[in-house]
Every structure is written in structure tokens, then in C-alpha cells.
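6 protein chains.
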Amino acid sequence: MKLRNKEECRLDLVSLGEVMLRLDPGDMRISTAREFRASEGGGEYNVARGLRQTFGLKTAVVTALSDNPIGRLIESLMSQGGVDLEHVRWVKYDGIGRTVRNGLNFTERGFGVRAALGCSDRGNTAVSQLKPGEINWDEIFGAQGARWFHTGGIFCGLSETTPAVAEEAMKAAKKSGVTVSYDLNYRPSLWQAGGGKSKAQQVNRALMPYVDVLLGNEEDFTAALGYEVAGADENLAHLEHADFQAMMKKVKTEFPNVAVVAVTLRTAKSASRNDWGAMAFADGAIYEAPARKDLEIYDRVGGGDSFASGLIYGLLEGREIAWAV
Amino acid sequence: MKLRNKEECRLDLVSLGEVMLRLDPGDMRISTAREFRASEGGGEYNVARGLRQTFGLKTAVVTALSDNPIGRLIESLMSQGGVDLEHVRWVKYDGIGRTVRNGLNFTERGFGVRAALGCSDRGNTAVSQLKPGEINWDEIFGAQGARWFHTGGIFCGLSETTPAVAEEAMKAAKKSGVTVSYDLNYRPSLWQAGGGKSKAQQVNRALMPYVDVLLGNEEDFTAALGYEVAGADENLAHLEHADFQAMMKKVKTEFPNVAVVAVTLRTAKSASRNDWGAMAFADGAIYEAPARKDLEIYDRVGGGDSFASGLIYGLLEGREIAWAV
Amino acid sequence: MKLRNKEECRLDLVSLGEVMLRLDPGDMRISTAREFRASEGGGEYNVARGLRQTFGLKTAVVTALSDNPIGRLIESLMSQGGVDLEHVRWVKYDGIGRTVRNGLNFTERGFGVRAALGCSDRGNTAVSQLKPGEINWDEIFGAQGARWFHTGGIFCGLSETTPAVAEEAMKAAKKSGVTVSYDLNYRPSLWQAGGGKSKAQQVNRALMPYVDVLLGNEEDFTAALGYEVAGADENLAHLEHADFQAMMKKVKTEFPNVAVVAVTLRTAKSASRNDWGAMAFADGAIYEAPARKDLEIYDRVGGGDSFASGLIYGLLEGREIAWAV
Amino acid sequence: MKLRNKEECRLDLVSLGEVMLRLDPGDMRISTAREFRASEGGGEYNVARGLRQTFGLKTAVVTALSDNPIGRLIESLMSQGGVDLEHVRWVKYDGIGRTVRNGLNFTERGFGVRAALGCSDRGNTAVSQLKPGEINWDEIFGAQGARWFHTGGIFCGLSETTPAVAEEAMKAAKKSGVTVSYDLNYRPSLWQAGGGKSKAQQVNRALMPYVDVLLGNEEDFTAALGYEVAGADENLAHLEHADFQAMMKKVKTEFPNVAVVAVTLRTAKSASRNDWGAMAFADGAIYEAPARKDLEIYDRVGGGDSFASGLIYGLLEGREIAWAV
Amino acid sequence: MKLRNKEECRLDLVSLGEVMLRLDPGDMRISTAREFRASEGGGEYNVARGLRQTFGLKTAVVTALSDNPIGRLIESLMSQGGVDLEHVRWVKYDGIGRTVRNGLNFTERGFGVRAALGCSDRGNTAVSQLKPGEINWDEIFGAQGARWFHTGGIFCGLSETTPAVAEEAMKAAKKSGVTVSYDLNYRPSLWQAGGGKSKAQQVNRALMPYVDVLLGNEEDFTAALGYEVAGADENLAHLEHADFQAMMKKVKTEFPNVAVVAVTLRTAKSASRNDWGAMAFADGAIYEAPARKDLEIYDRVGGGDSFASGLIYGLLEGREIAWAV
Amino acid sequence: MKLRNKEECRLDLVSLGEVMLRLDPGDMRISTAREFRASEGGGEYNVARGLRQTFGLKTAVVTALSDNPIGRLIESLMSQGGVDLEHVRWVKYDGIGRTVRNGLNFTERGFGVRAALGCSDRGNTAVSQLKPGEINWDEIFGAQGARWFHTGGIFCGLSETTPAVAEEAMKAAKKSGVTVSYDLNYRPSLWQAGGGKSKAQQVNRALMPYVDVLLGNEEDFTAALGYEVAGADENLAHLEHADFQAMMKKVKTEFPNVAVVAVTLRTAKSASRNDWGAMAFADGAIYEAPARKDLEIYDRVGGGDSFASGLIYGLLEGREIAWAV
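Chains as they are written, first to last, in our numbering: chain X, 1 to 325; chain P, 1 to 325; chain G, 1 to 325; chain L, 1 to 325; chain A, 1 to 325; chain Y, 1 to 325.
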């Protein structure tokens, strides 16, 4: 996997995805809270923000927002996050949210036996209406220059048009020698009205030929790509490492362009205590992160995105896969 | 105007309208805030809540909500408000808000030269999809009994179907001897995509024959009903009282069933200081509230609804119009 | 144990007890905090609230409050909780709290080695002055209908008159076929000025003949009913299950009307980590809940009431005892 | 009026009165708030605190508190206020507040047309049970030394025993040459159950012979001392200055020991805007403070106590009466 | 006054000055608060932020920060403000703040008769140690391009070295055709240890030859430049407009390069109500802003900077002076 | 070790050290927080506060503060803490913090894998400028009387002059029979600019002849006193108890005046879970506290100071060393 030089690129990474306003009731439940803390979030965007805040890289997000105070609040939050906003597409608001909106995500963190709970309200958002031809990818990847492009299965599940935008972006990335990563991130709610798992698999598989680094959690490879994993029980909690490794090899065999396949492994003992781990398959070998048992969890949301940003950071810095994982 | 007896009715008033989750950034601006306080609100609902909280009457709201944590938060807030929720219609959520949602309303209060600012996000809400036949009005007005029914121009602007629901309710109310009030509440954003002012006027005028008590602010009678007021300048701020009275008489002439026409009069000297007043026309006479100059304003949102609940309270208690105003 | 039909009853459960304003300093200590979060609570009431909020049943509380802003705040909180307030008795306030008051409960949650700490201020409350003849139990249980009645040892310890009110309610319940549950909930502070444990035992034992379902924690059966448990050490922490079972059988032998005896088993390893369990004795058999080890605790207050509401829910729904426990 | 030397006294002022925990809902109403800010307050104590915080003098409070976390919170707040707590009497708590309690005061500040609203809950407090002989006044005034003693009509209205405590303290003060001030502070709720205004007047008049500086607002002289003021209408708002002066002279004639009579004059145009003024009568002359029109009010509670602390500061520092007022 | 074209410049404005962490106790006093809200601020920076946030221009700040969590918090706040941070100079922290620090500014807003109160803690800050040669002005003004450069009397009062940095920047600006503005902003605390007013006047006057737009409030022209204004009384509150105009003409005569002289006029009736106005002298004429009487004030800090950003915006957009004022 | 009688001393303990304003971002990170909670803290002061708050003893702090609102806030916080402030030295502020300041300490608590993080800003503080001759130790220890004096290695690292102040205080303490304790508390940042570890060791060793009770954590004895501990690895985590005991004996041999040597033993499994323990060497024997495994940690800051205050309490009360530890 050959990366572009830092010197010739204005940006280290460009991410394509939805950015929602997250409203968090703190220690309370959504349905009984009276105050909410606002932040911004979105699977693909989080990777760009993590690379900027934790690792100091220059990153940008490509997304669309409707131009109302909610959108401007999301802009303020992203601005605070340090991610470049030059390529955010602003869409005129209709005053009531019938034709275009911004996504909202009410999320409570969970505690002990009370699991985390999310409620996203992201229908008809500006970004879900994004269509090919609206973003000048050649300007971004070519004229300005970027080393890495990241998107994933959440963005591609937003609407009928977003997979085509992702494909357009990936093709432009490949043309400019930009490395492409994809996080499968299967969200049943996004697909249920439009074909379910089989549609998700069809969409994701069509994009695989452009992908250099493929990420997912235990369930994603089955749900979002259709791989059968031997020995997987209902909730996949006890999947054997050997079976995982066999599956990762199958991915590599079917899509030889994929240089790295990485998977996060999480066991939630309670909402407040998780075991975390991760594995990657690259160069014909398996690299496993140290198992972290009984991690105290403050807020689990975005844990997979954090892993992605860490892995990508390692690869962007030219570190060994083992270090990156 | 003859009212039903209190004894034969389970409820004093039933209101039909949308209830949104209001998110309020306190002293901050929406677009730079990081915390929001949650409450519930909606023009028609506010009247039922005011009658319950301030005046101790038994009131109910007829609305629809999508069954997700946001909807349950609105339920919790309405429950706190003491309004009867038996006739709330719960609609299954699709997980992402593509087909059905709950309304949100980000509102900042303004201060001094900074005007109040609202951003409603109410497209595709459950209540906007309400259709005739879905609410058992005969049960509400007949079997259980109610003395008063209130709805208004916000509900009727939500969608193509809501005016028919209002009409259905009004007809049932009339059948059971229930008094009907209607607050014009013209909101341009609701109508702009579906015919604008002329459509609003057509919808509102079609409902006038069922209305006993008609309410509005200075602009509503012109924008939402089409009455030309002599001497009105652009922003209607300097409308003479005499011209107002002439207009109210015209309303009464055209719709003789309307027993009371009432109008609120507000001059915003700044977001923090307003002059307030009100007038009513009934029994051929004009009744004017004492002019309140330089009222200190904490939050102006819902001021018209407060007036409506006060007026209706006076009438429900059998007070003089002059007292009620 | 035969339950009344849901169809013939307006309410699933009616609870009789005190509702206090809880003031919670969050992560701080009461004596050094500067801000408090307000909620409502009371052992018997909590059961009604849990059945309403967690399980969606229709429940009501019978209590008395003094009519001042503190009482109205408690009303607002109960209203938010969804519990029916029609039978709350409002007592005129004297302006200073000499003759009648509302109960307050300052409670800090504890953390790690710092135990939870409560300070209740409930002398001379309206509810402690409740007397037989003031509540129309026949209206509640008969005319309106209820399936279950719940009260307990906290209410009966409030004053000299409350045990008679509980007895009056239980008799009325029995007359209308309403199932009766009683949570022993021994609180030393309530009894110390009026006879201590022996008085508590006398009061509680006198009510046992009306009880269908009896609940308590490890200490309650000894302190509040006077049963000696073989093998119990000072703090009862290591009580053997077998001894417990023997004691539950003794209860059943003495009061054969008691259909179900249930006990909660808690070991507090720290304020933040507890082992929880529960057992019930019914139909001559012991049913034990799965032992939950090392539960992360956010706030332990009301844990016993939660157990009661869960158990009662199971029984009201016609589930097996084993499921209910 | 001759004052003791600063050098021979450990304290500048000692105040005798109740200190309550104030719970303030911020911009919200008590009955709908969910969070309260805690502070401490009490008419007599406020004077000691103002002299300490605003003017840097050494002051102490004599009061009684029940020893529970609420009392310890009041202690923490007073400690923050810098007032000496050596002479606070701690009384054992009974665990529930039947025999002894600490006073609570829920107060909302009001805004615009919404007046301030208070709800005190101070029945059976430790301080109301204070009896003569329990405080070692000779130690305080004699051995340790103090220049000024302050108490007032709130303390004397707490119970049957508190006037005797005030008298005991005043006598001891006189014996040691300590100046005595008394703020009439008539609170109807304190007196209504025990004789009303006439009892208040009897109690207050009996203490007048010990008083050097007498303070009150417009209503206090009539309600708490029984002086008829010519020209006073119902709410005393338009009392002429000349009539006030006549009344002050009458006080002086009847109680020639009173060296200074001072009265605060407030007109509340709204809860947020007040006109403030004050007058004093001393040495046969009237001294009037500059009238302050349209003061913006954040929180009016304790305004009279602030005036008292300012006046006393001026006198303690040996300033002219005119300056002090 | 000729401005550079927007097309040839990456930035609309570059500001040079200190950015401090502001800690605001909300409605409380600094010395009794227990919570503070953090924001960033600094006279020169505020102009860049206002142009970015209110007017949407591209602006940057040149400053220095010590690299510790406080500096990173200031960075996060500026990032949220949208101001470009590429030219912030980061200086290694010594772990305790002996050799280098970041500036802090505790500020309370005042209310009514309580004036605003600030306490800055800005000794030995990184920016006060800035020296000529450390910033690459030719890169900023030449290679990247900027239309306007702004600095002022606060920056120049920070230390012995900052005036030379300002001069270096102004010379570079002039070389690249960049317009230069200077806000006199006299702060006595900054100058008192190093020569007082006369030193301030010497420093400011030395920079005047490079200034195109000069700003100040009523006092600044006297204190910071040494102009005597006829008719000025002690606090300058009643300065006649004619006298002001005479003074502005004197400035223009002495420094003919100054194209625009602008002054803000504020009368603080209370901390919560101010009269505001402004005047500018340009092209031989006086332009006066509409007098705004009785403005409600939430927070007055930064009012002069807001005026500067508005004026500069008007000029950058090519508007008339009258519009800009 | 012989202690002075309680009767002859106004104070139980006097502490000498810096008191900083602590700003705590709650659950957030310093660099991304927008709100901070204020408290006061400082290693030596914390011991006096703990003895006052937790154990009810009378304690005072000797320190210096600059007289500005930040200093007055620290005063308010200490006043709340109940520590006597009579001997706080107030130094005139210069308005900007160039010549004298108050110390600030931004501290986040950490959570799970995220360690606690502190950033102190304490350069040029008033207390660091304290010089011998400025405090009247004979008044404090002699005339007023104190039983114990405590200071430590943080105070002595503040500047070139503070060790001499500590020595002056210790000599005065010895003269009056006051017991002296010293907490080594090695902070690398304080020493790095002035000689590092070797300077710290020189300073600390020079004070040892006056010390009765010596405290430290695992690292302090090596870093701050220069003792080599056999078997200590890099981070001292696995130091054997036997080696510790050997080292404590060495201390005792070299400084026979030291009656008690005590060390805290902490293993941070995560920021939220620590193992805690402690040992003391006295009378030729080792006393070990029960090992506390897996303590849940809310905030670890000040843990060593808590240990010191507990140990000193035990000794002041005449308890056995074993109990005290």
C-alpha cells in the first residue's frame, strides 16, 4: 500500500459522511431529561475529527447541511473540532423541515445494566440528498491534494443516491493516488425500508473494488458483506478468533485490492465495563491488539470510529501494522 | 353563546394541534450553545396547558406522536403539564425519521436588540399525517363530554390533511354542543410551499362557519383571513384602534356565527421590553384590556396562547367579556 | 391468589404512602453542595410510579400534601411520573410549617467507600396527620375499581393515626376483592420515639391478616415482624438461604392468608458495587432470582421498591412467580 | 449614642436570629423547577453577613441548628460568609424532624409582572425552641466583647420563648455598654396563629426600652408597633414623607431611648424595577437618602437587611447619620 | 483609502494581539462564585472573530500561546470562533508558569447598580514575550495575502517588545498594500509600571504614521494619544460633540495618513442600561451613528471591538462611511 | 513524641503552604471544556482543611495571596472550608499579574484509561515571594498557641526564599514545643529550573533536623531525599515492602529526631480503580494499614494529603500509631 507524500497534499484525510447534532441527557434518560448537552457526531466524520484532535493531522469533511440555526450549530461544533469545513455543501432551508433537514441524534450513554440508547432523527437530511456531480472531487483530491479518503456503510445507507456519491469519490481518489478506507458500520434502521441486509450487501460489495483498508466490527462482515462465519452464534459474542481469521482471509481472496482488513472486538459486560480488542489481516498475517479487559466505559459511542482513526494514523505515519492496530 | 354544563363533561377543554419538543439555549444563541433546556410547546396545546396549570381546569390534547424516545420525552413533558393524554395517537417509528417524526423547535429568547429566533424542524411529523377518521370525536365530545374545543391555523397549515381533521372535529363539537375557538396564528413557513397566503385564507375561511370564538394578532386577520385594514402600514405596528374595530365588525358581518372576535396588540420596543394590549368585539361592543406599557419580557414565545387561555377561562367561568379580556 | 379483572377497574394499583421532595446534591455531599436536583419519592409511592413508568400500568397514589409551592412542586413531579393524583388530599398551609408541612428528603448517592447518606425532614407532614374517615376507599376500590392495593411499614410508622388508615384501606380493599401487598420497610428513625421495634412489630403484625403479598429485605422480617432467624449475625450479611427459607415458612404458617412472601438480598461491596438477589416463597415452594454479582450502582435509593413493582407487575400480568421474581 | 471602643471587643456586631437554608429555582418557578441553588439567609443574620462581606467587620451570629446534614450545610454556607459561628447552639436531631428541625426557605425572585414568591418551612426549628439561660451572653458581650447587638421582629415571632431570649440578650448588652438595634420586620405568617398584630405589637413594644436604633419599612411601624400614620392608604404606597416624619417623631417621643429611627421606602414598579429610598430621624432631624428611581432588581430578598447593615456600618465607623443613611 | 482585491488575498483581515481565557461567573460575583463559564477574548482578536462570526469574512489571528492545557483550551475556543490559527506561535511551557504563561481574564458582567468587574492575570504571557523577527509577516501579507491588518494599544502595552512587533507588522503591511487599523484601547494597568500615560502616548504616537483607520472611545484620545479636548470634565461623560469633532480634526491634521478616525460614545446609566453612539471623521466630514438610547445590556465587554469589526466590515465591503458607522 | 496540651493552644494545627484556585472541568477535558467548577487546594493546606472538615479540629493556614477577585475567591473557598485565615498575608495586586499573582490549578480527574491531568499556573505568586521575617511565628506558636505545625516539599520548592521561611517556622515551632510534620511531596516541575532533584534533596535534607513526622509516597524518599531503595524499578510500582522498611529505617538512623516515618502506597489500575495502602515506622516497628484493593476513585487529587491529615489526627488524639495509620 503506497501513500501519497505529505508535502504534495493540503490534507491528510478527507471524510465523506453525515454529521448529526448529538443531544445527550448526561446521566439521565432521554425521555425524562430536561437538559441536553450538544455535540456533533457521525461515523465517517468522527474519524476525521479523531485524526485532527488526537493526532494533530489536517483533515476535512465532505457533507451537506441545511442552512438553519441547527446546521450552524453543527458547523460551530465541527469548527471547534478543527476539521476543515471548506467542502461542506449548504442547502437552503424551507423553514419547517419538509424538504430538507439536518440530522439529530439523541443518545444516552447507559450505565451498568442499563444499556446505551440512541434515537436518530435523520430522515430527509441535506446529506442524504447529495447526488453525484455536486462535489468537485478533482479539486479536493487533485488540485488541493489529500493522502487518504474515508467513508463507510452509514453514508451509503442514507439514501438511494449516496452510494453513487461514494463511488464517484472513490474513483476520483484512485485517480489521484489517494488511499481509500471504508468502515462497514451496518445500521439496520438505515436499510430496513430499502431492501434490508441484502441491499446493504449489494451496495457495499459494489464499492469493495476501490477499497484499500476495510474496517468493521464482529457483525458487520456478516450483515453488511454477507460472509458466513463458522461457529458464530446468534449474537456473535463468542466467535472464535480462528473463525474470524478465516473470514478475513476470504475477504482478501475475493477482493485482493483490499490491503488491510481490520475488525474490532468488543464484549460489553455491562454498559460501564467492556472488554476491548481488535485484529487486522495484512500481508498474509494476522496482527492482534493487546486484549483490554474490564475497561471502564464513560461513553461507548464512537468507539469503532476511534479505532479507525488510530489505525489510519498508524498507516499514514508509516508505522508497522502491528503498531497501528 | 351558550356553554355546556361542567357536570356533564369530563373535560373543560380539548385542544387539537401539534406538540413539539422545544430546545432552548438559555441566554446563549442556538448556533453557539452547547446545552439546551427541553420543554414542550405548540400553539393549540399551550392553551390547554395554560388552562390546566394557571387556572386548574381539566383539559386534554388530541395530537399524534411517533413512538420513540423523543416522543416519550414530549409525553413526559405534557404529563408534567397535567394535560390529559388519553387521546394522543402513537405512531410506530421507522428508526430514522424518513416516514414519520416528532416535531422539534429550537428557540432562543432574544435580549435587548437581539430579537427572539426560532427554528422549527417539523416536517413529516406524526401529527401532520393525521387524517379524518382516525380520532373518535364522538367518544371525546359525546360519551366523555367536553365544554370547549380549541384548534387553530398552525394545525391547519401542517399538511393537506389537517384542515379536514379540524373540520371533522368542529362538526362533532357542534353536534355535541361544544363551543369552538380558533386562533388564526399565521406562520408563513407552513404555507409557503403549498399556496401561501391565499391558500391559508381559503383553508381558514372554510372553517369559520363552525367557529364561536376567533382569535388572532394584528397580522393574522389580514394574512390568514384576507381582510384589508384601512391605514395599515407595512408592519402593522401603527394600526389605529378604530381601523381594527372596523375590521372586527367586518368579520362579524361575514360570519355571524362568530360570537367573539379577539385580537392581541403587541409592540416590541426591544426583545426585553414590550407594550401589550388586547381587544375583543362581542355583542356589538368593543372591550379593551388595560394597556400594559414597558412590560419586562423574559420569553415572549406563547404570549398569544396565554391570552387565548385567559380569555377562554373567563368565558368558561361565565365572566363578563370585559373581565375575560 | 385471585385477581380482579382489568376491565372492571379504572386502575391497576393504588398506593398509600408519603411522597417527599427529594433533594439530591449530585456527586457532591449534602453539607458542602450548593445545588440540588429535585425529584419526588416515597417507598409506597415508588411502587406505583414504577408500575406506571416502567410497565405502563394505570396507578394512583393516595396521600396528603400541604398546599404550598413545595407541595405543588411534589405534585408537578408526580404528574410527570404519570401517577393519578385524583385522590391526593390537599391541606391548607399555615405559612410557616408549624402545624402542617410537606416532607423533604435530602439524599446523597454515595460513591465507592463513601456510603449513601440520607436526611429526611418529615415531621408534622400532612400525610402523617391523615386519619380514618378522610379517604373514600369505597369510591376508589368499589365505584372506580382497582386491582391491587399497596402500602407498607413506612406509612404505618409516620404517626399514631396512620396504621388505622392503612387498616381501613385494607378492609375496604378486601371487601372489593382487591389484592393487598405490604412492604415491611423498617426505618428505625420513624419508630424510635414511639416504642421502637416492639411497637413496629405490634403495628405490622396487626395488619398481616389483610395481606396477600408480603415484602421485605433481610432485616425487615426480624426488626419489623419479630421473627428470629437462625444463624443471623449482627448485620445479617451472611444469612444462609436455608435460614431465610425457614423464616419465610414460619411467616406463612402464622399468617396463612399471605400468599407470597418475598425478600430482597443485597450485599453492598461498596456504594458503587452491589450484589443483588431476591427470593419468594409461594405455593409451598421457594423461587429465587438469578444472583447478580457486582452490579454497578448509580443510585441505590428505591431499589427495594423497584423489586416490589416488578414482582407485582408479574403477578398482575398473570405470570409465574418464578418469572415475577 | 456612645459606642464601645473597637480595641476592647473581639467582635463588631453580634446578631441573634434564625438562619434558614434558602433554595432558589433561578429563573424558574418553585413549583415547576427541577434544580435549586442553595444559600443561607435570615433577616437578623443577613445584617451580620453584610457587615462581614461588604464592609469587612468582624461579626458573629447567635442561633441554634439541629445537627443533621441540612444544619451542616447551613453551617458551611455561613462559614463561607465569614460570620463567626462559635456561639451557634447545636441540637441533636431526632432523625425525622418531629421534635426539632432546621428552617427552609424556598424563594423565587420574580421577574417583571411576576412577583417574588417565598415559601418558608420553619416550624419547630431548633432556634424557635431557644430559651433564656441557654446562651452565655455575659461571655459574648462581656468577656469577649462586642460593639453592637442586632436582632428583630422575625426572631421574636418564632415562638413563645424567643422574645424572652431577645430581652435577656438586650439586657446583657446594655449591661456591657453594647449598642442595640432592632429591625421590626413584620411577617404576618409568624404571628397569625398566636395573636396576630396585637400580639406582635405587645412583644415589640416591650423590647423598645432597650433599643438604640430602630429600623423598619413603611408597613412595619403600623403593623408591628401600632402607630397610626395619617394619610396612609391601604397599601401604604403613597404615604407622604411628612406623615412618615411625624410618625418617627412619635416613636422618639414615646421611647426617648431610641437614638435613631430609620425607615426604608420602596416602590415596586415591577419585580424587576423598583424605586428605592430611605429616611432616618435622629438628633431631632430628618436625614433622607438620595431617591434611586428605576433600579434594576436581580433579587429583592434581603434588601431591608442590606440597608440595616449599611446604616450600622456608618454608625460603627463614626460617620454622620446623613452619610450612614 | 484603497483596499487590496479580495481575489488576491487568502484572508480578509489579520489581527495581532493577546487572546486570554475568560472565566465568567454568570450572574454571580467572581469572589463568591463556584462555577465559571470559559470563553476566549482579547481586544484585537475580538475584531477578527466578529468579522468571521457575524460577517462571514476570513480572518486570522497572530498571537503566541504557551503549550499547556490552558493554551489548548484557548485554541479550542478560537477554533470554535472560526478564526484561522495557522500563525499562532506555540511556546514550550515550563510546567509552573514562572517563565511563560497564558493570559486569564476573570470578568463579571455587572447588573444594575453593580458595575462590571474584571480581573486580568496576564503577566509573563507568551504573547508579551513576542519579539520582532519571530513572525514571518511577508509570508502572511505577501505570499498568502491579506486585505487588512488590525492591532491596538492593548497589544502595545503588554511589554517592552510588543510595540516593535506592531511596527514591524505595520511596515510589512504597508509594503504589501494592506490597510492598517489601530484601536487605542487605553488600559491603565498595562502602563502603570512602565511609564504610565506619557509612555503610552509615546508608543502610540510612534505608530500613527502607519495607521489608516484609528479607533478609540472618549477617553482614549486623551489618555493614549495626549490630545486635550476642550470642555471635557473629569469623566468625559458630557463631552460635547463639537469638541469631539475638533479633536478628530486635530488628529487628522497631525497624522494626515489617517483616513478615518472613529470614536465610540457610551453612557452607562446602569450596568444593565446604556446609551450608545459613535462618530467617524473621514474625507473632511463627520458621520454619526444613530443614537441608541437605553439599550438593554447583557454583557458590555467587547462592545468597542464589536464597533471596530462593524466599521471595518463596512469599509472592506466598499460601503459608505456613513453606512459603516 | 510529646504533644502540647489542647487547653493551652488556640489551634490544633497550623499549616504553611500555597493555596491555589482549582478549576475542574468535571467529566470533560480541560482543553475542550466550557465550564469549570472552582475549589481551593494546595498540598500543605489540604491537611489543615481535612483536619477541620473531617475531624473537627481547629486549624489555620499561613499563606500569602494577592488582593484581587481571584484571591478573594480563594479566601471565600477557604472560609467555606473552615480553616482560620487570620494569618493570611495579603499583597497588593498590580492589576495585571506581572509582579505578583495567585496560583491556579486546572485539574481533570481522569476516567478509566484516561489518566488524571493537571496544569498548574503558579509562577510569581504572592506566597512564592514570602520571605523570612514577614510572618510573626512567635505570635502564632507562642502567644496564641498551636499543637502541630505542618509544611512540606511543595512549599519549599516554590522559590529560593520559601525554604528559609519553612526553617524559620520550624525553629519557632520547636521553641514553643510544637510538633512538626513534613510531607516530601516531590513535584519535578517546581525544581527543574533551579537545580532539579539534587537541589530538592539539599533543601529537604537541611530541614530534616526539625521534623518529628515525615511523610511521602513511594517516589518521594528517593527523589526528594536521595535514598536508594534496593529492588526499585523505574516506576517503583513493584517495590517490595521489605525494601521500603529498610529505607524507612535508614531515614530514622540518619535523622534520629524523626519519630514517625510514613509512606503511602498506591497502585493505579486505572484512573477509576486504585489499590491503596500505607505504612509507618515508629518506635522501631512497622505499622501497616489494611490493604484496600480496587477502590473506586472519584478524584484522586489530594489523596496523600488526606492520609497525612488522618495520621496527624490519630497522633493528636493520642491514639496508637497502628490506629492512626
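If you're looking for bench data, these hints aren't it; they were derived computationally from the structure.
Just so it is clear, the structure is predicted and the values come from calculations on it, not from any experiment.
Even glycine gets a Cβ: it sits at the ideal position worked out from N, Cα and C.
One or more of the hints may lead you astray.
What the hints assert, rightly or not - Not everything, but these chain P residues come out facing chain X in the computed CB check (under 8 Å):
1. Met28
2. Thr32
3. Ala33
4. Ala193
5. Lys197
6. Ser198
Evaluated hints:
Nearest Cβ of chain X to the Cβ of Met28/P: about 10 Å, over the 8 Å cut. The hint is violated. Because the beta carbon of Thr32/P sits about 5 Å from the nearest beta carbon in chain X, less than 8 Å, this interface hint is met. For the restraint placing Ala33/P at the interface with chain X, the shortest Cβ-Cβ distance is roughly 7 Å, inside the 8 Å limit, so the hint holds. The beta carbon of Ala193/P comes within 6 Å of a beta carbon in chain X, closer than 8 Å, and the hint placing it at the interface holds.
For Lys197/P, the shortest C-beta to C-beta distance to chain X is roughly 15 Å, which exceeds 8 Å, and the interface hint is violated. A cut of 8 Å between beta carbons decides the hint on Ser198/P: the least distance to chain X is about 18 Å, and the hint is violated.
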